[in-house]
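Engineer: All chains, full assembly: derive it from the sequences and hints.
Residue numbers (this note's numbering), protein chains in the order written: chain A, 4 to 425; chain B, 321 to 789; chain C, 8 to 409.
Hints may contain errors.
As the list claims (entries may be wrong) - Below are the DMTMM-like pairs computed for lysine to aspartate or glutamate, each with C-alpha atoms no more than 25 Å apart in a straight line: (1) B:Lys740 with C:Glu383; (2) B:Lys497 with C:Glu383; (3) A:Lys330 with B:Glu342; (4) B:Lys683 with A:Glu10; (5) B:Lys446 with C:Glu265; (6) B:Lys446 with C:Asp148; (7) B:Lys389 with B:Glu342; (8) B:Lys446 with C:Asp206; (9) B:Lys389 with C:Glu359; (10) B:Lys389 with C:Asp313; (11) B:Lys592 with C:Glu87; (12) B:Lys389 with C:Glu314.
Honestly, the hints are just simulated from the structure, not real lab data. None of the values given here were measured: they were computed from a predicted structure.
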Amino acid sequence: MTRGGFEGLDACVHCGFCLQACPTFLATGDESDSPRGRIELMRALERGDLTADDAALAYHLDRCLGCRGCEPVCPSGVQYGHGLEAARARLTTARGVPRLARMALWALTTPGVSAVVYWFARVLRATGLPRLFAGWGRFRFAMGMLAATKPDGKRRYGTVRDGEGRRITPTVPYRPLPSLTVQLFRGCVQDGLFSHVHDATVRTLGINGYDVREVSGQGCCGALHAHAGLIDEARELARKNVDAFGDGEEPIVVNSAGCGAMMKEYGRLLGDERCERLAARVRDVTELLAGDAIKGPVPGAPLDLHVAYDPPCHLLHAQGVAVPPLKLFAAIPLLELVHVPGAAECCGSAGLFTLLEPEMSRAVLAAKIERLRVAAPQVVATGNPGCVMQIGAGLAAARVPARVRHPVELLDDSYRAAGRYE
Amino acid sequence: MDGLPTHRRLPDLVVLPGTREELIAVVRLLAAHDVPFVPRGAGTGLSGGALADEGSVLIVLTRLNRILKMDAGNRAAIVEPGVVNAKLSAAAQPHGLQYAPDPSSQSACTIGGNVAENAGGPHCLKYGVTANHVLALELLLADGTMVESGSPGGEPWGPDLVGLFVGSEGNFGIATKITVRLTPLPRAVRTMLADFNGLRTAGEAVSAIIAAGIVPAALEMMDQSCIAAVEDSVYAAGYPRDAAAVLLVELDGRNEAGVIAETEAVAELLRKSGARSVRIAASEAERERLWQGRKKAFGAMGRLSRDLVVQDAVVPRSALPQVLETICTIAKRYDLVVSNVFHAGDGNLHPNISFDATDPALKQRVEAASAEIMSTCIAAGGTITGEHGVGIDKLRYMPLIFDPESLGAMQAVRRVFDPKERVNPGKVVPVHACREWTSIRSAKFGMRNDDRQFNSAFPISHSTLEPVP
Amino acid sequence: MTILEKVTALLGEGAVLEPSTDRVPRIAPGSPDAVALLLGTAHQEGWRVRIEGAGTWLQSDAPADLALTTRRLDRIPAVEPADLTATAEAGIGLDQLRQQLADRGAWLSIDPPGLAGRTLGSIVATATAGPLRHGFGPIKDHLLGVTFVTGDGRMVQSGGRVMKNVAGYDLTRLQAGGFGAFGVIVLVHLRLRTLPRADVTYLLEGAREDLTQVGEDIAAAGLTPAALELVSPALARRERWVLGVRLAGSPALVAADEAGLRAASGGARFMPLRAEEAHAFWMRLAEGFAVRPVTFRIGGVPSASDELLDLLQHQLGDEWISASPAAGAIRWTGDATIDRLQRLRRTLAGLEVPLTLERAPWPLRGAVGHFGAYREGVGPLVAGLRRTFDPGSALVVATEGS
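Structural biologist: This is the structure we're talking about:
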């Protein structure tokens, strides 16, 4: 009899080393909002000491971001994320999915419906109104999130020119690279609002010797469903993607950390070998660009930018991808990384969390925004659509003058400035 | 529930005051209604000291986490009790200072909890324990009265109430403001790892270093089973898995040349004492890695099994080799996994027994072995806890090292602070073993024997040493 | 039966010594148990007992029915050089203890004020640290445990003889600096260091302000001397103020610190002392505090040291004074009136600086008290602890002023 993920919690000896790694505990100081406290609740749920309709249990588990920031600091290797998924599935069975979550999932991930939603969103975005309305209230925050998805058309970060106005191009010659075929995962939100990131992904991978192929029949990765406890629906979506991407050998490139983390778990989710093999092909775009540890991406032209890197939880904690994004920044001369304390802490976006638990989400975000205000970067780089929107909305609401962009967008700018695309 | 896996309790109510004023109001309300309460920090304690029973209110102090003052000139800071140990050191670092006591749980544990337990840590060998670093305390007693003890310079107002309070495990009240001494960061540091074929030889190496008059900043030991747990974790430090024991030795000081000279002397001593190899950390990153492995070792024990008995005995340092060997023998006899990870330089042992509590027969064996290990340490002239505190976990051992009169004295002192014994009830002093201090004593003096040679503070009666059911 | 007859019957004739000058019978119990026996009886009989050591520090003048001296409790049950611990009875003289430890290569790194034969019990009970507190901390940091007898004759142990110990409440720290108000210390477990292989002292003479500056520079340079003491001319027996710097430890470390000292002190000319000169310097300093009638200490924050020295100079004069500026500790000795001491204590309390009266004739210390100007909540706790450990008020101790 499988325990559905609860077994991942067995190693916990309550040492408490996770507390300070938990953004929600830092926000409330309440141990029930900490990994150790929630593990206790989840264990009680599994034992049957607490039932799935217990209000306090649901309250504290709902307030978990699922950022898994506790996992890399755990000396015992507790698999918190697996336990959480199992517990949430039980909660969902008992009480269903909140209507708001249901609506959001319907609007954002249902083929056909979402196309319309994203079309309207893009039209609204184009008016520039969301940027004007951005603020902390529920509606205004949503506007801020939408504004943050807008591609940066102005290219303000310009290129660096020499004394005579000539563009400085990198001295490293264009490396002839063996062409490798990879398949692009488009996702739902990422495809609807961040198609410019897909474009940048295709271009930058191209420069680094990857031939990016589109795959038809793919859809939402199912991460949002899994986090909401809708395991069966998540499995269904996963299966669809497994079918779409087939049984080839090509790596599957993902530029949304949340989707990547989910797809790397397909094997565990579906429990068959075919899915296991597919999961093993999934790569974050920065992993592919960074190549092997020594080389890093092909260098671009200098960008005179101060950049704060904000590693998405689902990239850093869930996928354990820490260094490749840094290699990417290193390939852009002059670009200076600004150290921001606590950058590795969750921004509070966490999928639908920002919508369902706005209070906690904003509390977690506020701490990060304040630190960004002090560090004052020009650009915050992060590789997950939810984080781009959340941090972007927070910066706009707090009137901190910095843009949020996906790391590949910066590399893309750098390549364009270098004339690589001409 | 806290860091100690073997105990769990459920309080009736949990309160999380967000300010000092709220805390005072809560405590006064509880006093008015005669309700017992238990103060709690981050809950990383290893003696069950912050467990609250039914009928008690748990007061969680994690939200009182402000650093109120950083006085770099006088090397002092004033903090609220919920400030996390490592965060205080981080805040002091730009001033070239640190908060020296560094319990392994420092990334999570609070200064308030450190004060309650008189917490130690690897670097206490050179820098002293919490008690050596607390200058003044603002106390909130059980009945809601405030006490200002100690002064900014550390000199007490009258008797040393600060010294008395530190380590009182929450029984005397809550420290609402804590003034701590900060220590200059060392300018030169060397960390080395030595590995041994036997636990006993490693213990002898420790004695050799101490006897040579060198005071390392830290001198830590880990045995094979502990090494394996750490190496399997995310904190893998590159400890050799085939070694029976490793010693982690750190030397620090103001002067680079002096530290290098001492490092060489220690390396030589280690080799002479039978170390297979001595590796000196070449970079700050390597040093950090060696330390992370040690500091997270306790948490990594979760890899061995779900349940863990954590011991904290201290023995005279010269007794280390013998005691370690005896512990090994006991573990073999009871067929148990005992992992040793401890502050060797202080003689502070942490033999941890991993087991599965769902097996009742196994649990019995664990209890019996624990009691035997404890009696070995006491017989060697040691004590039952060096830094974790008595809490509820070591209550049963208290009569082994203190006579009823001394236990009675402790209880009487506690009643001066808290006459109704409402703060953290049922901890530290085993009430049944106390001689009552309220009545005037009868004339029994004639029975005493004046000629008896008196030279031990520890009358040990082995008859009281029984495994608990 | 007189008190003396009863005591003789209880403890034997050997325990009865010559009475002190004020004709109070002087009893010297030969073992901790005898101390318990004596105090238990005193408690029952309602005798008032004053506590004495070797009689070299606190004046033997408190009004009492009998004087209990610890001077026959002079054994050293254990010295463990390998563990760097020792256990000694309270009546042992510091000079004797030091010699015994040195023979085994061990060192008790304290240098309290007073004569060489001052008892360990007296040093612990009054928590009188000397210049070495700069490098090695206050007296309490050298204690691993104590055994004491309460005013009603109960024997209580606290701590032990291991380096770290959190079993039970820390009654050791209550006794250190308790002035005997909470019982008579009979046995002490000590934390030792190895005898330093290099131990050198440097002196610098000059104006007080200049020396203070040099002291600050030395601290700022990160030097870690064992002692860094600012001594008034009369006490140092020099023309001007003296800054005494003592470096002790391994030859390599001391040599490094000597180099650092030269660099840190700018152009100042530190004068090295020969071993016997150094010994004499520190000893004279300690003895200087046992000569005049009144000695007290105050403790402030390091940055206030200069200001506090000014204040003392202004209120009582600064002829006999010694300070560890970096530890914020100042000791004063001389002659003073009740009124002036009380006023000084109040002024200092306003600056959050406690004044502890270490020694004074009974009329003065009875009126001023060792302690006073308690902060909020301290008074009731001290009174409660007094009642707990001496329920019949058998022990005559000038805890607080009248």
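Engineer: Which of the numbered hints above does this structure break?
Structural biologist: 3
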